Each structure stands twice: as C-alpha cells, then as structure tokens.
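Listed in order, the protein sequences are those of chains C and H.
All residue numbers for the first sequence refer to our numbering, where the first residue is 3 and numbers rise by one.
All residue numbers for the second sequence refer to our numbering, where the first residue is 1431 and numbers rise by one.
Just so you know, these hints were derived from the structure itself, not from any lab.
Please read all numbers here as calculations on a predicted model, not as lab measurements.
Just so you know, not all the hints are guaranteed correct.
Said to hold, decoys possible - Distance condition first, Cα-Cα at most 27 Å in a straight line; then the derived DSS-like pairs of lysine-lysine: (1) 1907(H) / 1920(H); (2) 98(C) / 1825(H); (3) 1547(H) / 1815(H); (4) 1920(H) / 1760(H); (5) 1977(H) / 97(C); (6) 1815(H) / 29(C); (7) 1760(H) / 1547(H); (8) 1678(H) / 29(C); (9) 1559(H) / 1907(H); (10) 1682(H) / 1920(H); (11) 1815(H) / 1954(H); (12) 1920(H) / 29(C); (13) 1961(H) / 1977(H); (14) 97(C) / 29(C); (15) 1650(H) / 1815(H); (16) 1907(H) / 1682(H); (17) 1961(H) / 1559(H); (18) 1920(H) / 1678(H); (19) 29(C) / 1475(H); (20) 98(C) / 1977(H); (21) 1825(H) / 1475(H); (22) 1682(H) / 29(C); (23) 1682(H) / 1825(H); (24) 1961(H) / 1815(H).
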Amino acid sequence: MSDLQAEEPAETAYQRVERSEEFQGLKRTFRNFVFPWVAIFLVWYFAYVLLANYAHDFMSTRIGDSSITVALVLGLGQFASTFAITMLYASWANKKFDPHADALREEIEGENR
Amino acid sequence: MNRTLLLEVPEPGQQVGSPILNIAIFGVFVAITMVVVFWASRNNKSAADYYAAGRNFTGPQNGVAIAGDYLSAASFLGIAGAIALNGYDGFLYSIGFLVAWLVALLLVAELLRNTGKFTMADVLSFRLKERPVRLAAAFATLAVVFFYLLAQMAGAGGLVALLLGVTDPTQQGIVIAVVGALMILYVLVGGMKGTTWVQIIKAVLLIVGAAVISFWVLAKFGFNFSSLLDAAVARAGEGGQALLEPGKQYGKSDLSRLDFISLAIALVLGTAGLPHVLTRFYTVPDGREARRSVVWAIWLIGIFYLLTLALGYGAGALVGPDVIAAAPGKGNSAAPLLAYVLGGEILLGVISAVAFATILAVVAGLTITAATSFAHDIYANVIRKGQVNPDGELKVARITVVVIGLVAIVGGIFANGQNIAFLVALAFCVAASANLPTIIYSLFWKRFNTSGALWSIYGGLTSTIVLIIFSPVVSGKVDPVTGTSLSMIKDTAVDFHWFPLDNPGIITIPLAFVLGIVGTFLSKEPPHPEKFAEMEVRSLTGAGSEKAVTH
C-alpha cells in the first residue's frame, strides 16, 4: 500500500508530517469536534431508549387533548437532533476543517512527487 | 371509521389486486433499469470500475444510492407493518436506523474513503498483517451479507404471495428464483456502476411513492396527525390506545425490555459496520464527496422514516390490524394493502413494483459487496498473495456473483415467512460486533495490532452466531395464544435454546470491543509507527487516497 517503503527504517515523509505542529493541530481540531458530538448523540439516543423502555407512563402522557404522546415528540426530537448534528458537522467540516486538511494534503502530495 | 371514509377495505384473508397488472408494472421497471445498466456498464474495464464504479459518482448521486441500498424491504414493508401492528414500538426501529448514520458520518465515512480501496479489509490491512486480517474481515463481511440477503429474499416470498396470488410454496420458490436470476444479471453486467444506478432509480421511486401515499393518508384526516392516530386507535378496537405508547411489543416483561435495549445497541452501532454501506463510500472521488453523500443519505433516509409513520398508522387506520395480520406476509403486507385501499389495483401495482425493485436493488448491492470481498480480499490477496492479474480477479468476482445469487435464492426459499425487520436486526448485530470495533480501533488507536483485530472480529462473529443459534429465534419460542412456533424451527418439540434474548448485541458488541483490547495487549507484535503515521495522515488529509478513474 505504501509508496514510501523504500525509505524504511529512516523516518518516512508521513512520520515527519505526523510529528508536525500543523498536523497535530488538525488532529486536535478533528477530535475536539467529533468525539464530544458522538458522546452527545449516543447519550441522548440511549436516554431516549431507556425512557421508552422504563418510563412508560411518562412517555404515554398525551400532549394537551391530542393523541400525540411525549414518546412521539421525543422520537421526532431524535430526528431533529440527527438532522441538526449532520448539518452542524457538514458546515464545520467545510469551513473549519477542510482548508487546513487541504493545505497539508498539497504539501504532502507535492513532496511525494 | 372506515365505512365513514367510503373506502373499500378487503375482508381478512381476501386476495387483492390484479397479479397481471402487478407483473406488468414490475416488468416495465425491469426493462428500464436493464437499459440503464447496459448503458452504465459500457465503460466497465478495470477493477476500480467493476468494484467501485470508477469512483466517479458525485456525493448527491451516491447519497441517493446509499438511501436506495439502506431503505430495504425491511424498512419499507417491515417498519410500516410493525407500526401498523405494534404502533410506537415499530417506530423505534426507524429511530435506531437513522441515528446510526451519525456514527458513519462522524467517525467512519471520510476516514475510510481516504485510506481504503474497495473493501473494509483494505483499511485494516493498512497497518496490520494483511493475510489474516483480510481473511477475518472477509468472513465477517460474508456473514453480514448472508443474514441481510436472507432477510431480503424472505421478504420476496411474502410479497409474491400477496401480490401475485401465489400461495403454493413451489411456485413462490420459482418467483424467488426469477428475482434472484434478474439480480445476478444486473450485477454481472453492470458491476458497481449498474448496481448504483438501479439503486438511484429505486430510491427515487420508493421515496416518491411513500410520499404520495403519506400525503394521501394525511389528506384523509385533514392533515391532522392526531386524528390519524385517533383513527388507528379506534380501528384497532379494544386496547388500541397501546398503539400510541411505547412497550406494546417490547414492554411485556423485563426480559423483553432487555431485548429491546440489545436491539437498540445493535441498530445504532451496526450501520457503520455494514459492508455494503462501507463499499459505497469508495464510489465517489474523495473523502469530501463521501461526506456529502452521507449528508444526502441522512436527509433522504430521515424523511423516508418520517413517512413510514403515516404509512404505518395509515395502514392501521384504513386497513386495520386484523386484515393485515390475516394477509399473506402479515405485517409486511401493510404498506401494499394501504396502497390498495387508497388507490386500488393500479396504486397497489405501482407500490408492489417498487417493493420488488427494492428487494432487487438491495440484493444486488449486497451481492456486489460480497463478490468484491471474496475476489479482492480472499482470492487475490490471501489465496494468490496479490500475484493475480486484474482479469483473473474480476472473473472470480463474477463467478462469486453467480454463487451468491444461488445462495440467496435457496436461502430465500427456506427463509420464506420469517419476519424481515427482525432478520435485518440480526445482520446489524453481526456488523456491530464483528466489524465496527476493528474499524474504530484501527482508525483511532495507535497501539492496536493484528492480534487485537483477529480477537475482535472472530470473537464478535462467533459469539453473535452462537448466541443466535441458541436463542429463541432459532428454536423454542411458542406463541402462548395459538401454541404454534414463532422460531425458525417450526417443530415445537425441538427446543435447544438457552440464551434468553432474541438479539445478542448487548453481550456481543461490548465483548468484541473488549476482545480487541485484550487481544492487542496479549500480542508481542512490534508496533509499526511508520504505518500508523501514514494511515493517520492519509485518513485526515486525504493525501495519497485512491483517485477516480478517468476514461
């Protein structure tokens, strides 16, 4: 897979990039955004599942005099949060992440040619 | 309620629709897609063309195709039926199926696209010992595909009974064989490109069809969702209020509640490990397009699942749970019956054609994935150790397509009548146990090594399969009311189950994550910092990733 194997065991170009301040910054940016959001949606999803499972009466409460239940509203809330996190990530990635990733990519691909 | 709405509702067990019309409309779909597949395949030359459609699809196109791949017969027929019969608990499936996409979007899609070539195993073998991990990943892929295929083909059997009026099992088998043969033809000729176009066409038809019916249903109730719910409750008769509350299906006992948590874990973690979803990320030019495709897919899939609420409760209100439960295919027939009640034979014909198209397209997507995995991972890289010419590899891929097609046909004939949403849930469980932990570790954990991957994949795979075999799904589940078997083995005298849950995810998924850690620390394999550096840099920046094919 690697076109850099000939350089072993000396440090490879990729290792130089990996050590660089720019790449470490990029990695931090990525993980600082992605990991908390993964935690948030997983916690929210499982909170919802546990409510549906063990808080039957609360989830069965009707909203006003309609037949819409709290369970349905929270379920639709899962849809809303999924759409929102998707758009948040896409716009973050386009604006904050891609420019740095592109700069590094050009640097690396220029170096390898 | 129905009478006042002046709709003609079939009696329980009554045959509806015109089989000839249904076949004719499906025939038109097949003819159109066949032309598209031949047109799309004219440029199929290299392995990248055949396996990954030359990586030339755009993000939005691939997003629609992902929706086409993902919205299987289980989503369309299974969830609509589950909502019609079990109300709110059916909706819980769709929530898990949708939220799961965030795992794929945030953690997997782009990184996988940036580091791999055709399969999940490409990413693993980046820094682990190639042959053992490829073999393990290919086994896991084939296992997921097998369960998923069974689910789709089982759905085909029920559909045939409902739509073509064929109740004789032998004749149903013949129709399943015809569907399987068509699928083989699509995949052989079209490769990934043809398959993708079939999925795009089918996704559009499916979403438009579901939107039309939902709109129609809501219009009947003055666009007041609450009145639709009231009608469903009234139509269900005594105990109908339970349709609006969680727990009708899973709230019976502590055990069934635990089963539901287990299912919820498998659903949310399974998607990002489904091999036919993972291979779709390779059909676009770069990681950025992979991201766009997931964004498109999330919107389309989410909107579709919202529509299934109207479909499911609409079927409950306008067709009625008694009629649905008495129809061939039971819950799976809710959506087609709803179409019949609303739009008569013609709408039923259109919706049945869409349902057949769904099965055809999903089975095609699964088959090309399995063929890619076998030819690329097992044949080319394990058996021939990479010393293979591309033509030889593609020939093996094509033979694999035929073999898997035959397995699907035979499996479909045997699985005829099983609940499809449930079989898909098992496929998700295998994907979440055997595939996801290794993907996540190899992308994010520097210390992870070959031994960890093998422990996790084989441990996740075997624990899932063993627990399923000894679960009530396979033997020993008896309907307390009728005394008939609800398991795969229909003879109630045969009962060898000792694992109490239907879905083993709550045990096997954490187990596979733990095994990955244990296996890693037990091995003395020297670390490969240079490989991890390359993988990490490539995965985040996209440097050196596989380029699109230019013709």
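Verification of the hints:
no., hint, result
1, 1907(H) / 1920(H), "holds, 9 Å"
2, 98(C) / 1825(H), "violated, 45 Å"
3, 1547(H) / 1815(H), "holds, 17 Å"
4, 1920(H) / 1760(H), "holds, 17 Å"
5, 1977(H) / 97(C), "holds, 23 Å"
6, 1815(H) / 29(C), "violated, 34 Å"
7, 1760(H) / 1547(H), "violated, 42 Å"
8, 1678(H) / 29(C), "violated, 46 Å"
9, 1559(H) / 1907(H), "violated, 43 Å"
10, 1682(H) / 1920(H), "holds, 23 Å"
11, 1815(H) / 1954(H), "holds, 24 Å"
12, 1920(H) / 29(C), "violated, 54 Å"
13, 1961(H) / 1977(H), "holds, 20 Å"
14, 97(C) / 29(C), "holds, 16 Å"
15, 1650(H) / 1815(H), "violated, 63 Å"
16, 1907(H) / 1682(H), "holds, 15 Å"
17, 1961(H) / 1559(H), "holds, 11 Å"
18, 1920(H) / 1678(H), "holds, 25 Å"
19, 29(C) / 1475(H), "violated, 38 Å"
20, 98(C) / 1977(H), "holds, 24 Å"
21, 1825(H) / 1475(H), "holds, 12 Å"
22, 1682(H) / 29(C), "violated, 47 Å"
23, 1682(H) / 1825(H), "violated, 52 Å"
24, 1961(H) / 1815(H), "holds, 20 Å"
The structure fails hints 2, 6, 7, 8, 9, 12, 15, 19, 22, 23 (numbered hints given earlier, in ascending order).
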